[in-house]
Structures are given as structure tokens and as C-alpha cells.
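Undergrad: First to last, the sequence lines map onto chains F and A.
Under the working numbering, the first residue of the first sequence is numbered 1, with each subsequent residue one higher.
Under the working numbering, the first residue of the second sequence is numbered 1, with each subsequent residue one higher.
Careful, some of the hints might be misleading.
[Stated by the list, open to error] Below are the DSS-like pairs computed for lysine-lysine, each with C-alpha atoms no more than 30 Å apart in a straight line:
id	chain 1	residue 1	chain 2	residue 2
1	A	Lys47	F	Lys107
2	A	Lys38	F	Lys115
3	A	Lys87	A	Lys107
4	F	Lys107	A	Lys107
5	A	Lys38	F	Lys134
6	A	Lys2	F	Lys107
7	F	Lys4	A	Lys2
8	A	Lys105	F	Lys115
9	F	Lys107	F	Lys132
10	F	Lys115	A	Lys107
11	A	Lys105	F	Lys4
12	F	Lys107	F	Lys134
13	A	Lys78	A	Lys105
14	A	Lys47	F	Lys134
Quick caveat, the hints were computed from the structure, so don't treat them as lab data.
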Amino acid sequence: MRRKGQMEIMGLAFIVVIVTLGLLFTLLFFLTKAESNALPQSRLEILSANWINTFLGTTTDCSQQTVRELLIECARSGSSSLFCGDTDACSKVQQVMDITRQSTLDKWNLQYYLKATGPDDVGAISAGSPCKGKQVLGTQAIPAFGFDLSMDLALCG
Amino acid sequence: MKGQIRMFETIGVLVIFFFMLGLAASVYSNYRASAFEKQQRGLADLKAGSAADSAFYLPELDCNFVNVQTPNCFDVYKLNSLADLMKDRSFRDSYFPLFGPAEVKIKQIFPESDYNVALYNYTTPYSRAIVSRSPVLLYDIANGVRGSYAFGLIEVTTYAP
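Could you put the whole structure together from the sequences, leaning on the hints where they help?
TA: Below, the structure is given as C-alpha cells:
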């Protein structure tokens, strides 16, 4: 009887030791986990807003028009009119978007979705792919009579 | 014999007890060290963010035309002048309270160009370099009838000790 009791106590003690060790190692693992290097949300918001503002304000070699002005022209005449010598306003905006995003957003390994919103030809101007999870969305409306135009940049967080 | 077994049992229990105590102490000291390091990193990140914001919105470089200010924009002429002034050590040191140990660089992305200005450079030995970047318009009044805005990039590297 006594022996049986002793064996049971030993068994219990063994289980307690195993459980305690397991808890301690789990704690150790979580406390020493490497921190994420992702940008904080506030920084992403500033980056998104600044990127769109800078992009829209950039002067192009198309009659010294800014990207904002080219987007308005794209909404007015679409991709049918050769506004910029041998190319149209919409293609020019896409071209400038590709150059600037490759040197910035792509280089920084950010996941993003850049899209112009407006009539059909404007809506085709985009880069990246829609965010699947959390995102930080920056948007800037472009004042244009008769059109609802905007430029959106979603940074996937 | 019985006494010996009991003694071995007691020693065994004590060994396991002190081993667990040692392990718990080790976990706790790791936790304290990790928490302190995390706090230091948080402070360094805050300082870096503050320095970056100061650089991104420097009033000395703003694009101002007939009292109308273009947001998120640097005037290239003001930028070049400030960069020249920064070559003087005492002038550069007057910006230390604003930027701290850091490096501020501005370059042009579009239209593609070699334009690259090292505005501020105060390097010290560091354990961590925190880089903050932001697109910025670079306004050149002499280019075109109404001036032109290039797509630029400002990069602020803050050094944490």
C-alpha cells in the first residue's frame, strides 16, 4: 500500500516537473522572439500620403504638365488622343508611375496597390495587387469638373 | 538502508528544486534584459521618427510662391544653399539639437538625374541605424515657364548608440 502511494506521488511530482519545464521554455521562447521590422502604421500613413502628393505634383516631359493635369486630360480624352507626342496622357501617367514606384516602393520591398479612380481609361492606370489583409489607405481627390477622380495608394501592413 | 533511501529521495528532490529555481531565475533575467532592450529600442525609434519629421518638413526649404505654399516640397535653390552652409561645422552643429547623430540625403528619382545632395552628416559610433524615407517634390523655378517639380526622395538615417 505504502509503496503504491509512493509511486503515485513520484508520478505526480514527475508530471509537475515536466509541465513546469514546458511552461518555462514556452515563456523563454516568446520573450526572446525577434521583433518585426515592419514600419509602424503611423509611418505607413505618412508615407502613403506623401507618395501620392509627390507623384501627382511631379512635372512630366509632356508639355511640362504635372501628373495631376495628365490624369485630368486622360479622363477627358482617354487613351485615343495623342496628347504627349507619340503617346497619350493615360500611358504617360502609367509610365511615370512605373518609374517612380520601382525606385521607391519596390525597392523598399513594400506590398502595395496603386490605383487611379475615374472613367474607364483612368481606372486602367494601376500597379501592384490588392492587399489581402490589413492595409493603410492613402487617397487624394483630384478636382476636375465633371469627373470623380482620385489617386489611391494602399500599403499592405 | 531505509534511512539511506530516504536521504537519496530528499537529495533528489532538493536537486530538482534548485535546478527549477535556477531555470526560473535564468528566464526572469532574460525577460528583464529583453524588456530593457525593447524600451531602449522604442526610445531610439521615437527619436528617429522625430528627427525624420523635422527633416521632412524643414521650413528653410519650403516651396513658397506669392504666399502660397506647396506641401511636401523642397525648393532646389534653397536646398543647395543650405547644403553649402552645412559644410561649415559650427553651422552644422546648430542643427544637432534638431537631427541628432544622423545623415540627411536628398536625391532626384524622376526625371532620372544624378542630383544627390548630402544635406546633413553627423556620424557617431552606433549600434543601430534607423532609416526613414519619404518622397518629396523638388521645385526648380528656373526650369520651364512656371518652374518644374521633380519626384525626389529624402532619406534620414538616425544613429542609435
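Undergrad: Which constraints among the numbered hints does this structure fail? Numbers only, ascending.
TA: 2, 6 and 11
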